[in-house]
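Asker: Chain by chain, the residues:
There are 2 protein chains.
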Amino acid sequence: MNSIEVKDISKTFGDVCALDHVTINFEQNKIYGLLGRNGAGKSTLLNILTNRIFPDSGQVLINGISTTNNDTALGSMYLMSEKTYYPEKMKIKDAYKWTKIFYPDFDETYAKKIAQMFKLNIKKPITSLSTGYTSIFKITIALSVNTPFILLDEPVLGLDANHRDLFYKLLIEKFSDHPCTIVISTHLIEEVSQVIEDIVIIQDGKIIRNESCEALLSKGYTVSGSKTIVDTYIQYKNVIGYDSLGGLKTAYILGEINKSTLPDGVETTKLDLQRLFIQLTNELGDDRNEFESSL
Amino acid sequence: MNSIEVKDISKTFGDVCALDHVTINFEQNKIYGLLGRNGAGKSTLLNILTNRIFPDSGQVLINGISTTNNDTALGSMYLMSEKTYYPEKMKIKDAYKWTKIFYPDFDETYAKKIAQMFKLNIKKPITSLSTGYTSIFKITIALSVNTPFILLDEPVLGLDANHRDLFYKLLIEKFSDHPCTIVISTHLIEEVSQVIEDIVIIQDGKIIRNESCEALLSKGYTVSGSKTIVDTYIQYKNVIGYDSLGGLKTAYILGEINKSTLPDGVETTKLDLQRLFIQLTNELGDDRNEFESSL
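Chains as they are written, first to last, in the working numbering: chain Y, 1 to 295; chain H, 1001 to 1295.
Bound conformation, chain Y alone (with noise of 0.2 angstroms):
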């Protein structure tokens, strides 16, 4: 089976102790949305994962193979990171050769024709691009490698929103015709909740949540109507922000609904991943609990 396994992974970096324990499973040819804030220890596992940095302790498998000092495997894995590698000065089309070096099954035709697609000269030198087309750069060679595991840190920093409307309808595409394990690191959640099938969120380097997308959506909910009708509702409820204006009001709880127990006059909508998420991973004593989750 073409699955990575991390087993009990550990990683301290002074005093910050990165990754904690950390066991999961990324299996054949599904897409992962790994979500956490930042330095939760979401590039850490990523890394680790490469092999770029070496954890304390734990070990990460492919196909039950571990990956300490084994091409086959690694080759098997492409990160596209926050860092890039290449040499100064190197035009874009020159580390398109270079990649098809390391990584035989490139398909350089492919990542022409979609770099076209995002009007990305390939004649530019990549130190000269912008953080947008940095990130495109990059979306260009990742979405054209052709490894069983594709393994995106960030992939849309930058882009405006047709770029990285046509990045999520390239990485389907490349999803339908070359089934292969996809995990996206990102902060756009709510983007990201129309591609992903399953969701782990990272916290302090402890995974916190690991389930599919859509069993997680089904966890929050929304109601919305009159204040009074609302309030009353609410009051044993595990109400975790609200929305006023004027005499209405929209309160977000965590929790399975009772489409029974709900009054006449409200309306209840599910409760979207972003708000999920910011709720899930905000810290106890967080000094921005004094503000309303009112956005």
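Below 30 angstroms or equal to it, Euclidean Cα-Cα: the simulated BS3-like pairs (lysine-lysine) are:
no.	chain 1	residue 1	chain 2	residue 2
1	Y	K270	H	K1227
2	Y	K93	Y	K123
3	Y	K219	H	K1169
4	H	K1270	Y	K259
5	H	K1259	Y	K270
6	H	K1169	Y	K227
7	H	K1083	Y	K123
8	Y	K249	H	K1169
9	Y	K30	Y	K97
10	H	K1113	Y	K206
11	H	K1227	Y	K169
12	H	K1119	Y	K206
13	H	K1270	H	K1237
14	H	K1169	H	K1093
Please keep in mind that the hints were generated in silico from the structure rather than gathered at the bench.
These numbers come from a predicted model, not from an experiment.
With the hints as your guide, set chain H onto chain Y.
Answerer: Coordinates of chain H only, in the frame set by chain Y:
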């Protein structure tokens, strides 16, 4: 009146016309969203407003007086831009002291207070910060300078969802407590639609939309239902994309909705700002049009 008047500004870089006869007013005490594709001219406009770069022709007036060689006018604007101009190795807390010299109304106590909310360690050198925390550092200054005009270029780049949430809340708080004119340039359109009043869309150096968020949002809608019914309904409509799932279809339509002509069994919602933006700024003959707008 405290307004920024941009009069017939043009700017060319080499072969590229970055701004093409741009005329626009930013009125007192409003929050504007300055939206555009990568490379549309947003940053050039913001840099010209603050005299960091000079236009080839046209002028910028603040309260009716040209900003050229006018330190008072320039001191009334603060631009949070992609580039930071602080000396290498300068610590955040020293940057706060430095800011106070140039912006006498800068509230250092408040900057430190919100730094703590974001868990920004102000003893760190600015250059040691991650992408997200570099944005947070700049946010703490922008929300504390207390100038009549605050211009924010990609303020939430790299921020996690919780921090973006906190930023939007603090921005609204600031605006309520000290009304001012705020211009936000961002690619996270759906999120910002909740805090902005007016929208300015720039495309290829030209202003293509300048109207209230509400007015713009009233111009698009979606229709969902069984494929056959939706297909019949949209026959003579300006359809900009659709989603299909089994026998169901959602069509995205530009134009005013006439609810009386809606057939039974279809549901309609407003088109969100991001999808509307994507369609308005897609270029004719753009390669990406070969894809459905399906996300």
